[in-house]
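Chemist: Position chain B relative to chain A; hints supplied.
Spelled out, the chains give:
Protein chains: 2
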Amino acid sequence: MKEVALGIDIGGTFTKYGVVDRQGNCLVENSVSTDFTDDVNEYLNNLNAEIRKSLETITEPIEVKGIGIGAPNGNYYNGTIEYAPNLKWKGVVPLAKLVQKIWNVPVALTNDANAAALGEMIYGGAKNMRNFIVITLGTGLGSGIVVNGDVVYGHDGFAGELGHINVKHDGRVCGCGRKGCLETYVSATGIKRTVYKFLADSMDESELRGVSYNELSAEMITHYAKRGDKIAIQSFEYTGMILGQKLADTIANFSPEAIFLFGGLAKAGDFILQPTKRHMEENLMPIYRGKVKLVLSGLGEINAAVLGASALIWKELEK
Amino acid sequence: MKEVALGIDIGGTFTKYGVVDRQGNCLVENSVSTDFTDDVNEYLNNLNAEIRKSLETITEPIEVKGIGIGAPNGNYYNGTIEYAPNLKWKGVVPLAKLVQKIWNVPVALTNDANAAALGEMIYGGAKNMRNFIVITLGTGLGSGIVVNGDVVYGHDGFAGELGHINVKHDGRVCGCGRKGCLETYVSATGIKRTVYKFLADSMDESELRGVSYNELSAEMITHYAKRGDKIAIQSFEYTGMILGQKLADTIANFSPEAIFLFGGLAKAGDFILQPTKRHMEENLMPIYRGKVKLVLSGLGEINAAVLGASALIWKELEK
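Protein sequence lines correspond, in order, to chains A and B. Counting along the first sequence from 1, when you hit position 171 you're at 171 in the numbering used here, and nothing is skipped either side. Counting along the second sequence from 1, when you hit position 9 you're at 1009 in the numbering used here, and nothing is skipped either side.
Hint data in this document are derived by calculation from the structure and do not stem from the laboratory. It cannot be assumed that every hint is accurate.
[Stated by the list, open to error] Listed below are the simulated DSS-like cross-link pairs for lysine-lysine, each with C-alpha atoms no more than 25 angstroms apart in a straight line: (1) K1277(B) with K168(A); (2) K1293(B) with K179(A); (3) K1179(B) with K291(A); (4) K1277(B) with K179(A); (5) K1168(B) with K197(A); (6) K1065(B) with K1319(B); (7) K168(A) with K1179(B); (8) K1127(B) with K1197(B); (9) K293(A) with K1179(B); (10) K90(A) with K179(A); (11) K127(A) with K277(A); (12) K1230(B) with K1197(B); (13) K1267(B) with K1291(B); (14) K168(A) with K1197(B); (15) K1168(B) with K179(A); (16) K1065(B) with K1097(B); (17) K1179(B) with K1192(B); (18) K1179(B) with K277(A); (19) K319(A) with K1315(B); (20) K1197(B) with K1179(B); (21) K291(A) with K65(A); (22) K197(A) with K277(A); (23) K1267(B) with K291(A); (24) K1168(B) with K168(A); (25) K1319(B) with K319(A); (26) K179(A) with K1291(B); (27) K1097(B) with K1319(B).
Isolated chain A, as found in the complex (with noise of 0.2 angstroms):
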C-alpha cells in the first residue's frame, strides 16, 4: 500500500491538487474552480468528488495519510482562512476542519508562501537547510521564513508578512488599506506599475507605449526586456534595487543560508535576480557581505504549490 498525501493549493481562481508520495511523485494532478460560488460547503463538494475521480485513476493501492493545504492568508494554528481579499469567502473560514470532518485524515493548512517554503526544504533547492527565506512573487509579494528547520508562524499564525513592510512613506496605495508596501513595488503587479512611473517620468520610446495597463503582464515586460527596451530593463532595475535594499534588512533579522525567489516574476531570471543581488549586497552589513546565496526557486513551475502543500502534511506527521 503506497502511502499518498493530498496537496491542496487554493487560490482565487483555481484550486490545484495533487495527490503525492512521501518522495515528491505526483501520481496525479488537476484543477478545479474556486470561484465558481461562494459558499464553501458547495466549493468543498465539488472540490472532494474531483479529488475521488482522481484517484480512481490510479491504479496501485494507495492510502491517503492525510492532506495540506496552501490558501491566501491561511493561518496554521486554528487551520483557519482569515478575510482573504481574493477569495468569495468572507470572513474566518474554518477550511481545515470542514475538510478533515469529510476525508476524517490529518488535515494542515498554512498559507501559499510557507507551503512553498516547505515545498522548498523538502523537495527543492533547501535540502539539508535550516534557516532560509522563500519570496514568492505573484500577484502580490509573499514570504516563508525557516528558522532552526521550522516554519516561523509568529505567535498569532500571520508572521512572514513581508510583503507589508513599509518602502516609502505615502507611498504605492497597498490592497491593504496602507501605502508603500512592498509588495506594491516588487511583485508581478508592482513591476507593472513601475513600468507606467517610467512610461510617465521618461521621454524614452518604447514598445511598451503600446500596451495598455490592463494588457501588461510580467512576462511580457521580460519579454521587451530581452529585446533591449530601456523601459522594461529600467523597471527591473528599480524593481531589484528596492528588493535587494528590503532583502538587506531581512537578512539583518533572520541571517538565513540562502533566500529563493519564486513565481511569475523569478521567470525573469537574470533580469530580477542580478540587480537584486547588487543591491542587497551593497547594502548588507559587512559581517553578512557574500554570505547569502540569493537564487530562483529549486522547485519546478508547474505542481511546486502541490508539492509544498503536500510538503506541510509530511511535516506535520513526522511530529
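Modeler: Relative to the frame of chain A, chain B by itself:
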C-alpha cells in the same frame, strides 16, 4: 550542594559577573575592568581570580554547573567574539574555548541582546511566551528575537541585528561603516543626535542649548522632558516615531506576542513608550493591530545582564 551558574556580561569598559542559582537568585555579583589590557589571556586571568574570590564569600556548598557569557558581537555557534568595535581584542577571539579550558564546565556565549532575551524569558516578563523580541536601547540598538521558544541565531550566528536595518538612505553615519542604520536614530546615542538636530533646525528656547554633546546623556534628556522642555519632548517623539515605524515592519516579519524595551533609553518610560506605541499601531497591517504588547522589560536594572548570561547556560544544560 546548591547548583549555580556563572553569568558573565562583557562590556567595553566593565565586565559584570554573578553567581546565579536556578531560580535566578544572584548569590554574589561584582564587576572588573575589561579594558585594562589588550591581552585576552591577561584579562581572563584577572577575571577568573576575581570570580574565585567571590565564590569563596558564599558560605553554603555550591557546584558551578556552567558558565554563560554575553558579549558584543558574540557568536553563539562558534563561542567567539568577532570583530567587536568596542573591545580591545581584535579579530576573532575564541572566548568560550578559553574560559572552558580554565573552568572545565560547559560554557555558552552569545551577544548581549540575545542574553537579555533569554533573561526575559526565564526570569522576566516573557515567562511562558514562545514568540517575543527584546530591544536593547543602550549606546547602540540590539535585539534578541525568540521564535518557537528559541533565540534566532540564523545560519551563521549573527541574526537579530535590528540596529542595522535601514531607516534612511544617506542618513546618519553609523559605526558599522554604512549610513542610516536604525541605531543612529534609536538608541541613547541616537536620541542625543536627534536633540542636536532639533537644536539646529529650530529656534525654540531650551535648557539643552547649555549642554555640550559630550556632556549630554539620555538620562538628561529625560530629565529635561519631565520639566516640559520642548526640544527634549520633540526628540522623544521623533525617536518613538522611527522606532514605531520599524517595529511595525518587525511585527510583519515575526508576529511576536510582545516586544520588550530594555536598557538606558528605556528608563525614560512613557516618554519613549507612548510615541513608539502610537506610531507602531498606526503603521501596522490591520491583522496585527492591538495584538502585540509593547512594554518595558520585566528585568530589574542591576543584574539583568548577568541573569541573562546565566539563563543562556541554564537553557543550554536543559538540552
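Chemist: Taking the hints in turn, state whether each one holds.
Modeler: Taking the hints in turn, this is what the structure says about them:
At most 25 angstroms may separate the alpha-carbon atoms for a hinted pair to count; K1277(B) and K168(A) meet this at roughly 20 angstroms. At roughly 24 angstroms between alpha-carbon atoms, K1293(B) and K179(A) fall within 25 angstroms of each other, so this suggested pair holds. Restraint check for K1179(B) and K291(A): satisfied, since their Cα atoms lie roughly 21 angstroms apart, inside the 25 angstroms limit. Of the pairs offered as hints, the one joining K1277(B) and K179(A) holds, with about 19 angstroms between alpha carbons and a cut-off of 25 angstroms not exceeded.
With a C-alpha separation of about 22 angstroms, the suggested pair K1168(B) and K197(A) falls inside the 25 angstroms cut-off, and the hint holds. Our distance criterion of 25 angstroms between C-alpha atoms is met by K1065(B) and K1319(B), whose separation comes to about 14 angstroms. Our distance criterion of 25 angstroms between C-alpha atoms is met by K168(A) and K1179(B), whose separation comes to about 17 angstroms. Of the pairs offered as hints, the one joining K1127(B) and K1197(B) is violated, with about 40 angstroms between alpha carbons and a cut-off of 25 angstroms exceeded.
Simply put, K293(A) and K1179(B) have alpha-carbon atoms about 24 angstroms apart, close enough for the 25 angstroms limit, and the pair holds. Note on K90(A) and K179(A): the hinted pairing holds, with a Cα-Cα distance of about 23 angstroms set against a maximum of 25 angstroms. Among the hinted pairs, K127(A) with K277(A) is consistent with the structure: their alpha-carbon atoms are about 22 angstroms apart, no more than 25 angstroms. A threshold of 25 angstroms between alpha carbons decides the hint, and for K1230(B) with K1197(B) the separation of about 13 angstroms falls inside it, so the pair holds.
Under the criterion of a C-alpha separation no larger than 25 angstroms, the hint pairing K1267(B) with K1291(B) is consistent with the structure, at around 24 angstroms. For the given pair, K168(A) sits about 22 angstroms from K1197(B) by alpha-carbon distance, which is consistent with the 25 angstroms threshold. Proximity of K1168(B) to K179(A) is assessed by CA-CA distance (about 17 angstroms); at most 25 angstroms being required, the pair is judged to hold. Proposed proximity of K1065(B) and K1097(B) is supported: the alpha carbons are some 16 angstroms apart, at most 25 angstroms.
For a cut-off of 25 angstroms, the pair hint linking K1179(B) to K1192(B) stands: about 17 angstroms separates their Cα positions. A distance of roughly 19 angstroms separates the Cα atoms of K1179(B) and K277(A); the hinted pair therefore holds under the 25 angstroms criterion. With a CA separation close to 22 angstroms, the supplied pair K319(A) and K1315(B) stays within the 25 angstroms bound. Between K1197(B) and K1179(B), the direct Cα distance comes to roughly 16 angstroms. Compliance with the 25 angstroms bound is thereby established for this hinted pair.
With a CA separation close to 39 angstroms, the supplied pair K291(A) and K65(A) exceeds the 25 angstroms bound. Note on K197(A) and K277(A): the hinted pairing holds, with a Cα-Cα distance of about 23 angstroms set against a maximum of 25 angstroms. Between K1267(B) and K291(A) the alpha-carbon distance is near 37 angstroms, which puts this suggested pair outside the 25 angstroms criterion. At most 25 angstroms may separate the alpha-carbon atoms for a hinted pair to count; K1168(B) and K168(A) meet this at roughly 10 angstroms.
Under the criterion of a C-alpha separation no larger than 25 angstroms, the hint pairing K1319(B) with K319(A) is consistent with the structure, at around 18 angstroms. Pair hint K179(A) plus K1291(B) holds up; C-alpha atoms about 21 angstroms apart against a cutoff of 25 angstroms. For the hint linking K1097(B) to K1319(B), the alpha-carbon distance of about 20 angstroms falls within 25 angstroms, and the restraint holds.
In summary, the numbered hints that this structure violates are 8, 21, 23.
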